[in-house]
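*Asks:* Start from chain A and add chain B according to the hints.
What follows is each chain in one-letter form.
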Amino acid sequence: MDGNNEKLVLLEHLRQLNDTLTRLSARRRRLRAERRVRLGQLKNTVTFILSFVLTALAAVLAFFGLPFLPIDKIIAYVVGTAVAFFTTLYLLIYYSILNRDRFSRQKWVKKRLQPVNTKISRMDTEIRSLLSASFLDAIPLDARLIDKQLLAEAHEMVVAEPEISWVEIERRLDTQLMLQRTRRQSLFASEWFRLFGASFPEKRA
Amino acid sequence: MKIVVIGGAHAGLSAVNAFRQVNETDEVVILEKNLRERPFISAGIKLALNGRVTSAEQVNFEHFEGQPNTTYRSGVLVERVDAAAKKVYARTIDNGSIIEESYDKLIYALGSSARVPSFVGADLDRVVFVKDEQDAVDINKFAKGFRKRALVYGGGPVSPELAAALAHSGVHVTFVTRSKRLMTRYFDQAIQEDLEKTLTDNKVVLRKGQEVVSVDNQGKKIEVNFNNGTSEVFDFMAIAAGLQPNTMLLAGQVDMRENGAIVVDDTMKSSNPDIYAIGDSAVVDGKFDQYFPLMSAALKMGRVAGYAVAGLDVKIQPILRTIGFSIFDRFFYKTGLTVEAAKERIGDHIERPDIHTPATIHALGEQTDIVASLIYDYESGIVYGAQISTNAPAAAEVITTLSHAVSSGLTVTELAFLDTYFESEINLPYSVANRLGEMGVIAEAKRAAGKAIDRNTVDGDDNLNGFQ
Numbered sequence: 001m002d003g004n005n006e007k008l009v010l011l012e013h014l015r016q017l018n019d020t021l022t023r024l025s026a027r028r029r030r031l032r033a034e035r036r037v038r039l040g041q042l043k044n045t046v047t048f049i050l051s052f053v054l055t056a057l058a059a060v061l062a063f064f065g066l067p068f069l070p071i072d073k074i075i076a077y078v079v080g081t082a083v084a085f086f087t088t089l090y091l092l093i094y095y096s097i098l099n100r101d102r103f104s105r106q107k108w109v110k111k112r113l114q115p116v117n118t119k120i121s122r123m124d125t126e127i128r129s130l131l132s133a134s135f136l137d138a139i140p141l142d143a144r145l146i147d148k149q150l151l152a153e154a155h156e157m158v159v160a161e162p163e164i165s166w167v168e169i170e171r172r173l174d175t176q177l178m179l180q181r182t183r184r185q186s187l188f189a190s191e192w193f194r195l196f197g198a199s200f201p202e203k204r205a
Numbered sequence: 001m002k003i004v005v006i007g008g009a010h011a012g013l014s015a016v017n018a019f020r021q022v023n024e025t026d027e028v029v030i031l032e033k034n035l036r037e038r039p040f041i042s043a044g045i046k047l048a049l050n051g052r053v054t055s056a057e058q059v060n061f062e063h064f065e066g067q068p069n070t071t072y073r074s075g076v077l078v079e080r081v082d083a084a085a086k087k088v089y090a091r092t093i094d095n096g097s098i099i100e101e102s103y104d105k106l107i108y109a110l111g112s113s114a115r116v117p118s119f120v121g122a123d124l125d126r127v128v129f130v131k132d133e134q135d136a137v138d139i140n141k142f143a144k145g146f147r148k149r150a151l152v153y154g155g156g157p158v159s160p161e162l163a164a165a166l167a168h169s170g171v172h173v174t175f176v177t178r179s180k181r182l183m184t185r186y187f188d189q190a191i192q193e194d195l196e197k198t199l200t201d202n203k204v205v206l207r208k209g210q211e212v213v214s215v216d217n218q219g220k221k222i223e224v225n226f227n228n229g230t231s232e233v234f235d236f237m238a239i240a241a242g243l244q245p246n247t248m249l250l251a252g253q254v255d256m257r258e259n260g261a262i263v264v265d266d267t268m269k270s271s272n273p274d275i276y277a278i279g280d281s282a283v284v285d286g287k288f289d290q291y292f293p294l295m296s297a298a299l300k301m302g303r304v305a306g307y308a309v310a311g312l313d314v315k316i317q318p319i320l321r322t323i324g325f326s327i328f329d330r331f332f333y334k335t336g337l338t339v340e341a342a343k344e345r346i347g348d349h350i351e352r353p354d355i356h357t358p359a360t361i362h363a364l365g366e367q368t369d370i371v372a373s374l375i376y377d378y379e380s381g382i383v384y385g386a387q388i389s390t391n392a393p394a395a396a397e398v399i400t401t402l403s404h405a406v407s408s409g410l411t412v413t414e415l416a417f418l419d420t421y422f423e424s425e426i427n428l429p430y431s432v433a434n435r436l437g438e439m440g441v442i443a444e445a446k447r448a449a450g451k452a453i454d455r456n457t458v459d460g461d462d463n464l465n466g467f468q
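Going down the list, the protein sequences come from chains A and B.
Residue 156 in our numbering sits at position 156 of the first sequence; the count goes up by one each step and never skips.
Residue 31 in our numbering sits at position 31 of the second sequence; the count goes up by one each step and never skips.
Looking at chain A on its own, in the form it has when it is part of the complex (with noise of 0.2 Å):
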């Protein structure tokens, strides 16, 4: 391969990669969604029979019985009920008012969760092993120019020159990146940072 179409190369591995990451990312925050919505389909859930059951349990309390029971069985009879009335009404307390994050740690909720949470850990490591590509070690871009319309202009670049060198393209892609109003971090800039805990191409994690 010359050195031109070894650029262009490198050029298209990193657009793909952004693809993927795009499409990773974008899944994975799918998921999140979904789990987040199982998680207060499940919370309703528990609310709702706990209610149903609170209310039946206060029907029994002040209808059911009362007039037909031995006097002798009716405080054994008021002291069930009423406990059971009370430990209900405490559950229900604590799930309606337990946060999202400590309920998701229950282990009945954990086990509902679980084949929702194996797709989120399957992207995260995906992500990782995208992230893990042998290429990126000698990368001769920054990680904020790795997005996906400043490669497609360091392509044209490389087209109408082919003797440019990485660092100019690097020089022109960061004045094309002061030039643009938004600032955003590049997505692979963030999942390297989130992964790896430190700027591309250190890896503290």
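Hints listed in this document are in silico derivations from the structure and should not be mistaken for laboratory results.
You may find that some hints are simply not true.
To be verified - With a Cα cut of at most 27 Å, we get these calculated DSSO-like pairs of lysine-lysine:
(1) B:221 / A:148
(2) B:141 / A:43
(3) B:221 / B:141
*Replies:* Then chain B, alone, in the frame of chain A:
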């Protein structure tokens, strides 16, 4: 000898199964990221929407057959390939541990992934791609419900198929493509017009020559803004904007095309003699080496690599990117080059006669027809491509004949008199393939005589075969 196969989808498994037919002793290790042993194909998405299968995962061809001396490691993500040390490093999805495999021969079959268009909002939740199992789940989820509206974005065969399948399942579909016509890389005008007519006749709205500028969330819907200043609200958007080879692992280690596809010879060997590349990751060097990832080609490439690694003297035939798909009971096929592609590769002396002819004897009851185009070099007479659309499923076989004609370098004269079969309920005695060749012969006779060439022919204006 130890063979490591990266990618256990159709191409990879095809290579392993072929290798095992002739070699039972050498060690083979397959590294696959998915957990299932039956790979997924995107055609399943369409078939599931059409109701032909209950879920997209049911459609597959190759699978791991559990042969001896073969290890199938699923749930493994390959992170690095060191071609110099002949080692592969991978990470298990379950616990993140690293595994290392050394190899004597490497078969690289990591396939392709969906290309993400550059408009703003391509990563929104209601914007889905058309490639894998999760995409299939998402599309099915979004398509369910009353009066759903979908925007299908793309230019390849997957997008009209998806548009038709969504329309079949009751979704109001709009189709957007940057080109002024549909599928410009695959078809020329005659078939493009027929394709567009088939879609619009079935209430698919076409937005041709338009580009999506941005997509914004609008509650549980999305608002799509187009470059002509209009915007429209949809329930979801499905993107089939092409595929790109997953070859980053071999970056700088083997020769690649500018699009990242690994260049291989006719035995699937890359510039590194110990690395074979197959399927959507590779492109075979030659006259017809356009990058068109197709499963039919991937299976053949896999088999060639498998047999070649086992020591058999096999070579792949030119991959003409022969495709076929059906929408609303009409079938579209293509082989070889379009006029534009042929002009780029062969020269400006390209001719394209079109024909509209009955596909069967109409007196028998079925009103079948074929629209066909032939692409040939009028200086040498060699056939370089052909395209067909028809409502007669049996006529599909004509494309195989035409593919063979292109592959063998037949001239229009040879094609006109090629031996073909006739069965009164299936086709006509003078095959469409022959008829296309004959049109070339007549055109060249007229060109030689300095007369005007008739490029559009309609057959069947008599009572027996006509469009009565």
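*Asks:* None of the hints should be skipped; say for each whether it holds.
*Replies:* Evaluation of the provided hints:
1. Taking the CA atoms of residue 221 of chain B and residue 148 of chain A, the gap is about 26 Å. The hint holds against a cut of 27 Å.
2. Annotation: proposed proximity of residue 141 of chain B to residue 43 of chain A holds, straight-line Cα distance about 23 Å (limit 27 Å).
3. In summary, the hint linking residue 221 of chain B to residue 141 of chain B is supported, as the alpha carbons are separated by about 14 Å, within the 27 Å threshold.
Checked against the numbered hints given earlier, the structure satisfies every one of them.
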